[in-house]
Amino acid sequence: MTATPALLELDRIDTYRGAAHVLRAVSMRVGEGEAVCLVGRNGAGKTTTLDSALGLLPVRAGRVLFRGQDVTRRAAHDRARLGIGYAPEDAGIFPDLTVAENLMIGKWLAPDGPGTGSVVDDRMRALFPELDALVDRRGLNLSGGQKKMVAVARAMALGPSVLLLDEPFEGLAPVVVTRFVDAARKIKAMGVSLLIAESNVTNAARVADRLYAIDRGEILFEGEPARALEHAEVMKTLRG
Amino acid sequence: MDTLLTQILNSLFYASTLFLIASGLSLVYGVMRIVNMAHGNLYAFGAYVAAWAVGLAASTLHWSLLFIVLLVGALAAAAVGALLEPTLLRPLYRRPEEYQLLMTFGLLLILEDVMRLVWGPHPLTASALSDALGSISFMGVTYPGYNLFVIAVGVVAAVGLGAFVYRTRFGVMLRATSQNMRMASALGIDVKRVYVQAFTLGCLMAGLGGAIVVPIQGAVLGMGIDALILAFVVVVIGGLGSLEGAAVGALIVGFVRTLGITYFAEVELAVLYLIAAVVLFVRPAGLFARA
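Protein chains in written order, with our numbering: chain A, 1125 to 1364; chain B, -3 to 287.
Note that these hints are calculated values from the structure, not bench results. You may find that some hints are simply not true.
As the list claims (entries may be wrong) - Okay, derived cross-link-like pairs now, SDA-like style, lysine to any residue, Cα gap no bigger than 20 Å in a straight line:
# : chain 1 : residue 1 : chain 2 : residue 2
1 : A       : Lys1231   : B       : Thr164
2 : A       : Lys1231   : B       : His118
3 : B       : Lys188    : A       : Leu1180
As the list claims (entries may be wrong) - These stretches of chain A come out as covered by chain B in the derived footprint (C-beta under 8 Å, 3 or more residues):
# : stretch
4 : 1149 to 1158
5 : 1339 to 1351
For glycine and all other residues, C-beta sits at the position ideal for the given N, C-alpha and C.
Pulled out of the complex, with its shape left as it was, chain A reads as follows:
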């Protein structure tokens, strides 16, 4: 365990999707200013873990804690306003809304209000300078990579203390992956913690301070990326 106080903590949670028992006693913690990766193969339970943390799926047992406060029964929109940002695997951009509208929703609902600056604020611009050119475009007219950029910027609009990113590097060309890795590092440097679900251990190792390996809904490893890479059994499970 690291010494940093837990910002987000999952305490032995069990989650079901319909009748399927997906997560089994999953415990993990994301510290203040920490970048944590959750690594596992497809279907291992990564998305379900993020959904449970945010409240998009109810947990059957266990607790979700945010800044030490039990938020297990709080609705997703409450948790979002408390400071948990989320960018899903498919980006979840509203297709009929412009990029500006997509970004403004978070700003309107942010605890300290929308501010007076432009739609794309300095923090967003620092991550992805090309956002300025996209503001008038509708969601459905964005490329896959652009959607992912908007999704990350949109999650930042709420001013979160922790950002949940589901497969942020998925489907991107290697050069673009590097840009997203940089963006993740910048987000961390801005003081925002990260919980990234990632199926590629090598990518995860590029951003994570600590990683958890998940398989069949159970955490089977927790520690520094370098240790995971040395751990033959973990690597075998993750690589399939």
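Got chain A sorted already, so can you dock chain B onto it with the hints?
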């Protein structure tokens, strides 16, 4: 020339009332994916309450103030909507849609009986209002002033609703919720609240439609179901869930009805259904369907 103008005004008059009903139906479907069968009787409820309120106030208020009293009908329908959504519809969202159809159809029947119970089998009227405006002569035609008022209300409602949905913060959140409810809640939008607000707004539009026609048509039992069927034709043509579709659908149905009454009165409704059927074949999701 003057008959043509009269026919055009008649068509716009129909289109206005149809838009008021169909836009609410479409809005509710667009946001919540619920086909609200009770919508027709919320329209009728608005008509009854408006006629009842105008009847109470007619002896004490100047006629010009009675126009404001009509709004009581719209507000009453909105209030019923605000009660129904959280209590009877919310528990059904996770169920297959036949549950929602059964529930809203049941509500349609219950509302019909409630109106029969409260106001009896005889029609209510509020003709003081339409009489008060009399007829207006312009460009060689003489046309009922109240019908012009209805057209104006329809246009204002269409522009206002469009501005509300496309230009306001709430409209952005409404559209976000309709496009991706999970993502909306993940961004901090209280989806339950958006649902009750959207449903209430839809019922307000229905109630306004009922209130506005009552000085001409009166409030009669069965008016809700007739209106519901025409509103369905409108949204099938225009595309369920689309505001532009409701406006264009209402105009098409309005003009075809006027033509029908003049030239083929016997098969007027059949022609409307035929148009709806053709649209279903050619563009199954309606003329203004989203991609």
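Structure-based check of each hint:
1. Under the criterion of a C-alpha separation no larger than 20 Å, the hint pairing A/Lys1231 with B/Thr164 is consistent with the structure, at around 14 Å.
2. Between the alpha carbons of A/Lys1231 and B/His118 the distance comes to roughly 54 Å, so the proposed pair goes past 20 Å and is violated.
3. Of the supplied pair hints, the one linking B/Lys188 and A/Leu1180 holds, its CA atoms being roughly 14 Å apart against a limit of 20 Å.
4. Figure legend: the stretch 1149 to 1158 of chain A, annotated as covered by chain B; annotation inconsistent (0 residues with Cβ-Cβ distances under 8 Å, at least 3 required).
5. Counting residues of the stretch 1339 to 1351 of chain A whose C-beta lies closer than 8 Å to any C-beta of chain B gives 0; at least three are required, and the coverage claim is violated.
Violated hints, in rising order: 2, 4, 5; the structure is consistent with all others.
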